[in-house]
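Chemist: Listed below, chain by chain, are the residues.
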Amino acid sequence: MRRRVLIAVALVVVAVTLFVVGRGAAAGPLELTTTGTRYAATVLIDRPTTGRVVVEVRLRSGDPSSVALEPVMPDMGHAMPEVAAREREPGRFLAEGELFPMAGVWELSIRLDGPAGEETLAVNALITE
Amino acid sequence: MRARLLAAFLLVLLVSAGAAPAAAHTVMAGADLRFAQTIAGTELTVVVKATPRVPGPLRVGVLAYQRVADLPVKLELRSVADGRTVTGVARAALEPRYAELSVDRTGPHELRLSAGGEVSVVPFRVLVERGSAGELLIYGGLLVAALLLVGGLLTGALSRPGPAMLLSGGAAVGLTVATLVIVFEPGMPPAPPDGAAPVATALPGGRPYAQGRVTTTPARPGAGEEFTLRLDLVDGSTGRPVDDLAVHHEALAHMVVTSEDGRFFRHVHPLRTAPGRLEVRLRADRAGRYLAYAELERQDAGGQLITGTFALDGAPATQNAGDAPATPDPAAESGTSATASGGGDAASSGPGVPRLWPAVPVAGRPTTIDLDAAGPVRPWLGMAGHLIVRSQDGAFLGHVHEMGSTGPRLRFTFSFPAAGRYLAWTQYATGDRIVTVPFTVDVSAQEAVR
Numbered sequence: 001m002r003r004r005v006l007i008a009v010a011l012v013v014v015a016v017t018l019f020v021v022g023r024g025a026a027a028g029p030l031e032l033t034t035t036g037t038r039y040a041a042t043v044l045i046d047r048p049t050t051g052r053v054v055v056e057v058r059l060r061s062g063d064p065s066s067v068a069l070e071p072v073m074p075d076m077g078h079a080m081p082e083v084a085a086r087e088r089e090p091g092r093f094l095a096e097g098e099l100f101p102m103a104g105v106w107e108l109s110i111r112l113d114g115p116a117g118e119e120t121l122a123v124n125a126l127i128t129e
Numbered sequence: 001m002r003a004r005l006l007a008a009f010l011l012v013l014l015v016s017a018g019a020a021p022a023a024a025h026t027v028m029a030g031a032d033l034r035f036a037q038t039i040a041g042t043e044l045t046v047v048v049k050a051t052p053r054v055p056g057p058l059r060v061g062v063l064a065y066q067r068v069a070d071l072p073v074k075l076e077l078r079s080v081a082d083g084r085t086v087t088g089v090a091r092a093a094l095e096p097r098y099a100e101l102s103v104d105r106t107g108p109h110e111l112r113l114s115a116g117g118e119v120s121v122v123p124f125r126v127l128v129e130r131g132s133a134g135e136l137l138i139y140g141g142l143l144v145a146a147l148l149l150v151g152g153l154l155t156g157a158l159s160r161p162g163p164a165m166l167l168s169g170g171a172a173v174g175l176t177v178a179t180l181v182i183v184f185e186p187g188m189p190p191a192p193p194d195g196a197a198p199v200a201t202a203l204p205g206g207r208p209y210a211q212g213r214v215t216t217t218p219a220r221p222g223a224g225e226e227f228t229l230r231l232d233l234v235d236g237s238t239g240r241p242v243d244d245l246a247v248h249h250e251a252l253a254h255m256v257v258t259s260e261d262g263r264f265f266r267h268v269h270p271l272r273t274a275p276g277r278l279e280v281r282l283r284a285d286r287a288g289r290y291l292a293y294a295e296l297e298r299q300d301a302g303g304q305l306i307t308g309t310f311a312l313d314g315a316p317a318t319q320n321a322g323d324a325p326a327t328p329d330p331a332a333e334s335g336t337s338a339t340a341s342g343g344g345d346a347a348s349s350g351p352g353v354p355r356l357w358p359a360v361p362v363a364g365r366p367t368t369i370d371l372d373a374a375g376p377v378r379p380w381l382g383m384a385g386h387l388i389v390r391s392q393d394g395a396f397l398g399h400v401h402e403m404g405s406t407g408p409r410l411r412f413t414f415s416f417p418a419a420g421r422y423l424a425w426t427q428y429a430t431g432d433r434i435v436t437v438p439f440t441v442d443v444s445a446q447e448a449v450r
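So the protein lines, in turn, are chains H and X.
To convert, note that position 40 of the first sequence is 40 in the UniProt record's numbering; the numbers rise steadily by one, no gaps.
To convert, note that position 8 of the second sequence is 8 in the UniProt record's numbering; the numbers rise steadily by one, no gaps.
Chain X extracted, bound-state conformation (with noise of 0.2 Å):
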């Protein structure tokens, strides 16, 4: 018999596999949600921390990046399901005060970020753990088989030999379930979490492409005037526009915007301002051309690039002795000796000047670039630090992240995938400020060291 009820067992965790809620882009405790923000012409982080039950509180802290002189970011959390709509004030610091927002119901919300006559609105889902079924099979077998020990024990005792097997077999029986789950629940799904979205059998492959748009207000925007650049996204199956961005690298996008000539450059978060849009303001001080990147990641879905560009009117600016960006912008502040060393230059070193291995790198094997930080690196968007890799004509992008080494220096390895110069910056947060150092690389083709 106990071997039937083995096999029930197996079946019901056949049956029962499967299934798991997604990660991305909910709040549970535990698993706290971390998004990069562009907002009032500042880098920020917002965290959301999660209650373990509900109705509680849901503690909401702003992380700045970049030296900011009191920045009150408001925050409107709103459930989705029905409206009720809680307000704090969160203050953007190195290390922030969480302001508390009371939620009294699981499932999907919004958060609505404003600040410098900004908003964003982020949608996200507030998860509480279920008491496993597990755990109510172990109590309860355990309870019910001292509950009929107990009682064989006395029918034992007043000698009714019928009665009293019949409890102990009871007890047996209670105490074979608790040890199977005790066993096996280890392998068993957890439940889904209380407020998680429906979930089917998983599918093979993910979800469409998203297509995107990339405009500005105003549709031509002048040299050294502010404006807003935009990216539409749109489902490649559907027509829909793109709601479901998860969350990538504590961001829903990574946008990177660059001047043609690779002079002026850019790592923003845009802000979601409606189902499917991003935008982020933006001022650059040379007339031309500008190719924008978006790096994100549809939920159950790979990551993506999304590209575009757009152009800026006027006059030429002044020369300004080769750096990049031509006027310090708060978003990307230049390191202090941010000045480009070539491909080849591997012998100079000094801190802020990154040094490759090979000197001369070549097309299709890995290049490793090491690079001293101006002082302790904090981590940022989940990194020590980031490498962006733009090939000189713009056709290509890669986002190499820091890998593995200790102390101030930073180290990345990437293989560059054809001959040619390459413009590259790398970033990394410190103190205050977040340290963008520019420079170039030229790649030799494989044949040219054989």
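Looking at chain H on its own, in the form it has when it is part of the complex (with noise of 0.2 Å):
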């Protein structure tokens, strides 16, 4: 008896050091904001992997009529074909597919084209398998 109350309070100290020295690698749903001088923007990736992702771009500020992804892999020197995301309502646009073949740290320029003039933005992003 007493030793399976020590085993389990072993596993549930194990636990606790797991999650607290592991918490923040986990890929969690990622947030990334950024602003220029036209826009300002939050990327929304909800599952950062490899293979088929939806990345949600939204305006904070400014009013583009196309907003265009570019994925480059510093890195490695990859680049990706470019993505027209499209606009679902007002201000927030979904770009669907595989953005990034590779896991690891991925430059995702927004190039955002209204009224107010062109501009690119960009955050890094972190992939995983």
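Hint data in this document are derived by calculation from the structure and do not stem from the laboratory.
By construction, the Cβ of each residue, glycine as well, lies at the ideal position given by its N, Cα and C atoms.
The reader is advised that the hints may include incorrect statements.
[To be verified] Some chain H residues close to chain X (C-beta under 7 Å, calculated; not the full set):
1. Thr49
2. Gly51
3. Met80
4. Pro101
[To be verified] Ranges of calculated distance between the beta carbons of each label pair, as one might list FRET restraints:
5. Arg58(H) with Arg130(X): 26 to 34 Å
6. Met102(H) with Val89(X): 27 to 35 Å
7. Gly117(H) with Glu226(X): 29 to 37 Å
8. Thr120(H) with Val360(X): 51 to 59 Å
9. Arg60(H) with Lys74(X): 21 to 29 Å
Each of the two chains sits in its own frame; use the hints to bring them together as a complex.
Modeler: Now the structure itself:
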């Protein structure tokens, strides 16, 4: 009996330790903000993994008529085709596709164009397998 | 059971190993950001001192290396995440007073500097150390142990052996956790600071090479006319602008501009005016072909040298008794005794005259060059002195750092790669000027000496 309790306590301790040490390492949804002179955007990636992903661009300021995403992996020198994001509702653009073919840090450039002019903003996203 | 716990800990250590934040281009308490800028016709070094927490003040000072009469440098600090901008003014001085700019978040920022009608925008990250997970475990474990021990003593005093054993056992676990962490924490990777760029496990090799294009504005500047020398950097693999330059030897890029004959020499630190674009204003008095070399380093990559040429139009200027440069320029003042001391002229000595050892340098073997400085030497670009070496045809450029001598003597060691004539310039900062001493070195082939 006592032995079982001790083992249970030890397991709880290990679990807490793993949680404390490993927090931040897990790939949760990404929310990245960037602000330029004409536009300000928040990029949301629900599952930042390789394969098919949905990237949402929410405008915090500015009203672009077109939004396109250009993924580049600077460490490897990989560049992927530009993906156009569609406006689902005012100020909310969605792009879907295989944007990130490899796990690592990707620089996602967001080219925004509209009556206010063109501007390219960028965020860095950690993509996992 | 302790063995199991230990195994679990080792597993945690292994899982969390790797992934340290890149040190380049960041501002964190204890790690200032220093970068040189050639702006408003003078050499400055901008120092950004970090804040230990946010919101808090970021302190910015501008060090002058040449005589300046009250040069205000306008500062504009902008958070790239939320666009919040704060402004201030720093005055360039030998011992500057620091301007304080308040930052209220970590992460990517841009510092915009304006002086003398020129503007530079330097991106960097504000980082703040996070409390370590290890500390939490140490203090948590000790707290648990203390509480349970008191409980265990109390229950023991009330003669209830069962719960007393449980509580004491728990206390032992708490102590074990705290002790293990104390023992192993020095070997554990630190948690990335707040505001750090995301990092993946290190990939083999570095980033792709940067391709450079050197142009001037106007396209064909005239001799004696001020022009802008521009370097556009493009990633060789993606074709996109290279905007990830690491601060390397206290600058985003070290640019050496020489005339083909070597009589004109500048070592400048161009301004970042747009992503992947570096610019510097120059003026040269003689027409002809000029060679530009940019020494830079991408983040997570090694150093590289990018070269280009440009030409100046106009009638050749009047001869100026072999001095380099023809007219004094604030960017590179010549020393008082800046005449050349040729290879083999080792017997001649005196302030400012470089001495070579061996007297006739041999290709492929180390040559040591000694020089007495004109006064107390001030570290510049992180070093006491710099030696720039160019082969006469311009195909080779070397940048050597002063190593290990004391007092006003500068010593450089360099192996000239091949026989032939080299043009060389040593540079150091003293008081309120940067002294440039040009000379030539004749290197003999290895066979000739054997």
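Chemist: In this structure, is the beta-carbon distance linking Arg58(H) and Arg130(X) contained in 26 to 34 Å?
Modeler: 27 Å, holds
Chemist: With 29 to 37 Å as the target window, see if Gly117(H) and Glu226(X) comply at their CB atoms.
Modeler: 31 Å, holds
Chemist: Does the CB of Gly51(H) sit less than 7 Å away from some CB of chain X?
Modeler: 17 Å, violated
Chemist: Checking hints one by one. Is Pro101(H) an interface residue toward chain X, by the C-beta closer than 7 Å rule?
Modeler: 14 Å, violated
Chemist: Would you check whether Met80(H) satisfies its interface hint, that is, whether its CB is within less than 7 Å of any CB in chain X?
Modeler: Nearest chain X Cβ about 10 Å off; hint violated.
Chemist: Can the hint on Thr49(H) be confirmed by a CB-to-CB distance to chain X that is less than 7 Å?
Modeler: With a minimum Cβ separation of about 13 Å from chain X (threshold 7 Å), the hint on Thr49(H) is violated.
Chemist: Tell me if the beta carbons of Arg60(H) and Lys74(X) are separated by a distance inside 21 to 29 Å.
Modeler: Because 27 Å falls inside the window, the suggested range holds.
Chemist: Is 51 to 59 Å respected by the C-beta to C-beta distance linking Thr120(H) and Val360(X)?
Modeler: 56 Å, holds
Chemist: Lying within 27 to 35 Å: is that true of the beta-carbon distance Met102(H) to Val89(X)?
Modeler: Given range 27 to 35 Å: violated, Cβ gap about 46 Å.
The structure fails hints 1, 2, 3, 4, 6 (numbered hints given earlier, in ascending order).
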